[in-house]
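Chains as they are written, first to last, in this note's numbering: chain A, 17 to 678; chain B, 17 to 678.
Hints are computed from structural coordinates only; laboratory data are not their basis.
Keep in mind that this is a model prediction, so the values were computed, not measured.
Backbone N, C-alpha and C define an ideal beta-carbon position, used for all residues, glycine too.
Errors might be hidden in some of the hints.
As the list claims (entries may be wrong) - Below, computed lysine to any residue pairings styled on SDA-like, alpha-carbon distance capped at 20 angstroms: (1) A:K369 <-> B:K421; (2) B:K369 <-> A:K449; (3) B:K147 <-> A:K449; (4) A:K376 <-> B:L83; (5) B:K369 <-> A:E82; (6) A:K369 <-> B:D142; (7) B:K369 <-> A:L83; (8) A:K369 <-> B:S160; (9) A:K369 <-> B:G80; (10) B:K421 <-> A:E143; (11) A:K376 <-> B:A145; (12) B:K147 <-> A:R363; (13) A:K449 <-> B:Y50; (14) B:K369 <-> A:G650; (15) A:K449 <-> B:E82; (16) A:K369 <-> B:A145; (17) A:K376 <-> B:V41; (18) B:K471 <-> B:A514; (19) B:K147 <-> A:D365; (20) A:K421 <-> B:V41; (21) B:K225 <-> A:A227; (22) A:K449 <-> B:V41.
Unchecked claim - Derived CB-CB ranges, DEER-like: (23) A:S482 <-> B:E551: 46 to 54 angstroms; (24) B:D439 <-> A:G57: 30 to 38 angstroms; (25) B:E483 <-> A:T593: 44 to 52 angstroms; (26) B:D437 <-> A:G177: 55 to 63 angstroms; (27) B:E627 <-> A:Q152: 50 to 58 angstroms; (28) B:E582 <-> A:E479: 44 to 52 angstroms; (29) B:A210 <-> A:A227: 47 to 55 angstroms; (30) A:P625 <-> B:Q596: 40 to 48 angstroms; (31) A:H539 <-> B:E483: 57 to 65 angstroms; (32) B:Q596 <-> A:V543: 27 to 35 angstroms; (33) A:P195 <-> B:E483: 51 to 59 angstroms.
2 protein chains.
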Amino acid sequence: MTIPTDETHSPPEPATTHAQRPTGVQPSRIVIQYPEPAVDGGAYPIKRCVGDTVRVSVDVFRDGHELLRAVVRHTDPDGNTGESELERIDADLAGVRWAGRFTVDRPGVWRYTIEAWTDQFATWRDELARKVAGGQDDLSGELSEGVVLLRAAAEHSADPGARALIEHALAELQDPGVPETAKHDTALGDELSAAIERDPIRHGATALKEALTAQVDRLRARFGSWYELFPRSWGGLSGVQRQLPVLAELGFDVIYLPPIHPIGETNRKGRDNALTAAPGDPGSPWAIGDATGGHDAIHADLGTEADLRSLTATAARHGLEIALDFAIQCSADHPWLTEHPEWFHRRPDGTLKYAENPPKRYQDIYNVNWESPDWRALWDALLAGALHWVDCGVTVFRVDNPHTKPFAFWEWLIKRVHEVDPDVLFLAEAFTKRSVMRHLGKIGFSQSYTYFTWKNSRWELTEYVSELAWSGEQEYFRPNFFANTPDILHEYLQHGGAPAFEARLVLAATLSPSYGIYSGYEHFENVPVRAGSEEYLHSEKYEVKQRALDGPLLPMIGAINAIRREHPALQELSNVTFLQTGNDGLIAYSKHTGADTVICVVCIDPYQPQEGSIIIPESLGTPPSFTAHDLLSGESYQWRIGPNFVRLAPRWRQAHIIEVQR
Amino acid sequence: MTIPTDETHSPPEPATTHAQRPTGVQPSRIVIQYPEPAVDGGAYPIKRCVGDTVRVSVDVFRDGHELLRAVVRHTDPDGNTGESELERIDADLAGVRWAGRFTVDRPGVWRYTIEAWTDQFATWRDELARKVAGGQDDLSGELSEGVVLLRAAAEHSADPGARALIEHALAELQDPGVPETAKHDTALGDELSAAIERDPIRHGATALKEALTAQVDRLRARFGSWYELFPRSWGGLSGVQRQLPVLAELGFDVIYLPPIHPIGETNRKGRDNALTAAPGDPGSPWAIGDATGGHDAIHADLGTEADLRSLTATAARHGLEIALDFAIQCSADHPWLTEHPEWFHRRPDGTLKYAENPPKRYQDIYNVNWESPDWRALWDALLAGALHWVDCGVTVFRVDNPHTKPFAFWEWLIKRVHEVDPDVLFLAEAFTKRSVMRHLGKIGFSQSYTYFTWKNSRWELTEYVSELAWSGEQEYFRPNFFANTPDILHEYLQHGGAPAFEARLVLAATLSPSYGIYSGYEHFENVPVRAGSEEYLHSEKYEVKQRALDGPLLPMIGAINAIRREHPALQELSNVTFLQTGNDGLIAYSKHTGADTVICVVCIDPYQPQEGSIIIPESLGTPPSFTAHDLLSGESYQWRIGPNFVRLAPRWRQAHIIEVQR
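Sequences are here, hints too, so could you generate the full structure?
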């Protein structure tokens, strides 16, 4: 739509430039500051999903007593604009905060800004009303001012009906035969205001110096159930394809495959990370590349590009998508080492430097040299690889250790891929400093691995989820709670048996909109390579397993995935409220979206029964008394605002996922 | 000084520009974010006084594991630069915060930025140390890398001694006859590190996108004791001049005079704000201008420009300065109304609009029209007026109602005046929304009136001072606590008698580095024009009084002003700690600067004795037991960390101002 303004002031210049005598139009008298949501003052986009409502708030004020109006204006990725009115949300004298909202209905980069102006008619009307109320006589001067404003409004009005109404009022105000009190009534009447409001003059309109941006993604960027599997343990790509109907029935959304590329022979790791591989050992999929190819090739044992295209197409038919690993390191046999020696760090003595973080050594892989003089070609080659897999139907990348590669590279790569396909998602596997993890979110990663695996006590979970949901991070950092990974078998799972696996499954799947498990979880696999290690014994990273979808936890997984799909409350993060339980062995929280309220109670203790009183506060908005329907057991209880007794016992019932029935 | 860098990367561009393939040098791998102090991310300057230390902190991190270095670089108003090292303040794995400091030693606008780079030598040395410690053999590849780094360091080094040392190490590392362990010792030795540190290569150096700014003022911008008087009640300007020796002896710093210009005759207000003046009524000094002149003229009854120059010069000799009122409104008789009719708002019917805020009316004054087409000439005229008074020796302006004039005007005016004389101070008299008051501070006002007058209970004072001192406002908003003004006689003073005046004096003078009283305070003047009003009966705004410096509170005022000068702790705001008293009738707080600790205890109750236990926490840093010397009574007590009994009684002793003697 077109925004009418009678004059457009530039926003105030930075403080240092005002010392010169102003030229051109007078700087705006309106200050617009502290818009929310905004990441680092607008330096980075906020993240939203298609269909979300963006709730905006902002300070708007000016000198003097004039009345203001403000709108939020948005521009969608196709350049269409719209706007909606802001309202003051603290209407007392000290109030300068305004709020409004708009909905984002397609993916891509949206822009939004705040525009504000002085409402001269409303200001005049307000003063006149106070004078009339105060019994002030002779307001002819005031009425003559009103005539000027109405004349301008009539001229400006694009709506014939409104214009006629304004002109009628104008005529009355100028008619000497009309008594002054009648003129007051007309001037102060709601009809006249409404007519002018239809297309108001934006006097001294000003906007934020720079528009804010929102990266809008499809829903899967926020909400999805992930299953990780090594295709070599499932009969290769076609073997995986045969599992898709069952995986779909289990309610998974994303099937994530570790690297599917050829694996180096030189310095290949043996079973259990042995320094020397035995004959027949397959090596780690993260040691990418051999004589047959590198990042754009598929391991011969797994299948062909045609198999991959068939896999992604079949997945799509089942509502599933395939995530590939994006790992940049190269084995000693990767073609790039000979084709592009300049991409690798070579010592003055000519030797190549394998990856290490002393005293740890990764003898089977070499890192690229990001400071290579030929870095542009390296960036381009990596982009080409990503685009090749996108062309094969891959829609998600799980990025291995992005925090050891330049931020600027990722920012560039993600944007370039999004230019080709805005629906591609990037999951950051960065277990590092919080600031670095946050930064990866800011520069474009759709979602991120988290510290969930190491948050096992009630206070740890509450603190961590509160930080993710409420610290500001929620604007740009989307968590994916993996309950296990090929690298992380937490001691809680090692010792707690099946109840521990059930508890962590429910926590991951209900606290975070995105969650995942790595295959074996459903079999309660819990033996570490040695005491004190989080590595699996006989890790699948270094050997081939025989896998099948027959683990005893699958029915519960399928039930929970179904519950997640049916309940919008479980598809969001920041709608969480932690509840008192009176027992640190029980954690309880509510999630609430629209008419949907889900209350989860999890027994964190995998050994002993735990009981407590779940306190439902009035603020949850439930009825005073309601049916609490446990979606896991199918049982129903009568709950109420206030304390509700709960007893959970390992190997009998580890958790409730309760639907509040109204 | 010159900053050596081996290459200078541009800081990262905004997120939206990375999508194109990068050209030129690779974007920096270092992120510098969230620098403090900074007002609105650097949009406005922080405020400091000459001699202050600016304590800086900032997030600095990069991808990977390389070690970083960082400095804060500053540029003084004359263009001289300096820098000082930052140190990591949270040294654990998650740490990204660095801190440092620099001192500002002259007034004007300072700039400061953060520069960070990768320390390649330290990174190499750290890895080597870990490998040596891990017993890794054959580190010849590592040593060959070291040779390259040392060669670059030697070439780069500007210090002959350091260079020789580096070259010596270099020769040793390359000497096949030296055993490898000896090479390790040399490479890891502190001498070599120190030599390289003397002039390190700044690999991949990057800085904040935009430098931050600090407005550095003379100390009076923060610290001063103000006395307000109407010169017409003291025998005009020369009468005031005769009072200067006594005012100086009383320890005042600033003598503030309401407008000294001619006063309009038309619609002149009579005594007690009567609509009609009686013959001989002098009118309000804020109704500026008559036939003899306006904003650049002096009221004939007060004296001449020569008298004013004599007053300011005499004040300067006594260490005092003269503050003038800066009020922009005009009486109906102001020459500008005829000379520049376009500067005023004229209705379509030709009438001028006097100032009003319905139902309040100010029939004796007209506001200028800031939206006049000729606004530039108006701005220039107001600037010329200010500069004229600066030329007469005026060093401070108390600005009347700045919040009803355009912010951009003030920003411009203050900068222009500072171009002529950076020592001129501006006090904002804005009692309005907090956001607007803060904004006036951001755009340049040196200090501001506050809500102190209406903060009378213990919790109100604690909350309000905490906000001023700790909310972030302290970086740009300097309070001036006036205990009364010609407009504000709070009911606490109306009812509380002399004890109330004593309590409020001590609170104003010890909570805020700048404070003031309006004459009459020392006489306990406390009669309002009517019950429920904060206006004085027989207000000096509308009549001439006979004033003399003989009020009974003056000895206490003089003593407090002397204490303020002797104690640096009372010259700062954010060094305050509120103490427990166990009694809401007693407020206690400590102020601590360097070796100076002052503890104030004030009986807020003006009617009844109050007693309580002042808890001295260990964190104050006092000795376990110390002499508490009351600077008001001269008595000393033995106090200790923990509870200390205090009893204060109106009309006997209203407050302690205790010096902690070590």
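Hints breached by this structure: 1, 2, 3, 14, 17, 22, 25 and 32
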